[in-house]
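Trainee: Sequence:
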Amino acid sequence: MGDEEEETEPKYELYVKGTDKPREDGSQKFTGQGRAAYLNGDSYEGTYVEGIRAGKGIYTFKQFGDSYEGDYQENRKHGFGKMTYRNNPAEGEDEEPPEEENAVPRGGTYLGHFTAGQRGRGVESPPETASEGTFTYVNGDIYIGQWQDGKKHGKGEYTYAKDGTKLAGEWETGKIVSGKWIFPNGTFYSGRFRYNKPFGKGVWVFKNGNQLTGNYEQKEQVDEADPPPDDEEGAPKPDPKVWCQFKAKKSVSVRGGSMFYPKLSS
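If you read the sequence shown in this note's numbering, its first letter stands for residue 1, the second for the next number, and so on.
Check each hint, because a few of them may be wrong.
[What the hints assert, rightly or not] Derived DSS-like pairs (lysine-lysine); straight-line CA-CA distance at most 30 Å:
id	residue 1	residue 2
1	K151	K249
2	K219	K162
3	K17	K155
4	K197	K247
5	K166	K155
It should be emphasised that the hints constitute simulated quantities derived from the structure, not laboratory data.
Take these sequences, add in the hints, and give me the full structure.
Mentor: Put into structure tokens, the structure is as follows:
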């Protein structure tokens, strides 16, 4: 997302706090407060321990203007911190519009835990590793919950600013797989999800207590204008656009009244 940390440390000049000349040996064996000016335009100001970023620090990325303020370990974001994502085009580049029609524009803030440079915990991290974090998107959407390897993973809740609806439940690699779709009026759907939309068996529970069980079917939309899929091995594939249709099976009326569930758009 623009804040990726490189495997090898890019070249830079280190300025020890209180001096205006670069240190001859860079950060080699240096412990203390320093400021690094990277040749790629990035900058870091904070603590070094034996020549590596460790402890508290602030890193600013030239690309997009992203910045991180928080804990470091072995040159990587590790511990608690705040990552601010921006959408400032680099010099000589035009700002690109979102690729998808309903894609959230780039930007926002993440406040929470990091492991080895990624939001949340790592795949091989011990179960007790802290993984909670809050991402506030530039359009006002908010996700509060667990993360793994930089993606929503575990228990979490996503709130849409546009209409106040929520997706709350279990997430895997960035997508909700089971839980509830909650509406501001108290009505909610409980079941499984695919592509962040209801899929399979589930139940609608209405604000008056009535219930309607059934099954959601998904049908992939075919758009001849879409480019062919990337056949490169390991290349990530975008989720397909799908139509969702709910087929009701059994209703339970508690207090009478209507049982109209919201319709899903593609």
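Trainee: Please go over all the hints and tell whether each is borne out by the structure.
Mentor: How the hints compare with the structure:
Restraint check for K151 and K249: the C-alpha separation of about 35 Å exceeds 30 Å, so the hint is violated. In summary, the hint linking K219 to K162 is supported, as the alpha carbons are separated by about 26 Å, within the 30 Å threshold. Distance check on the hinted pair: K17 and K155 sit about 42 Å apart at the alpha-carbon level, beyond 30 Å; violated. For the given pair, K197 sits about 15 Å from K247 by alpha-carbon distance, which is consistent with the 30 Å threshold.
Straight-line distance between C-alpha atoms of K166 and K155 comes to about 13 Å, which keeps the hinted pair within the 30 Å bound.
Hints 1 and 3 from the list above are not met by this structure, while the remaining hints are.
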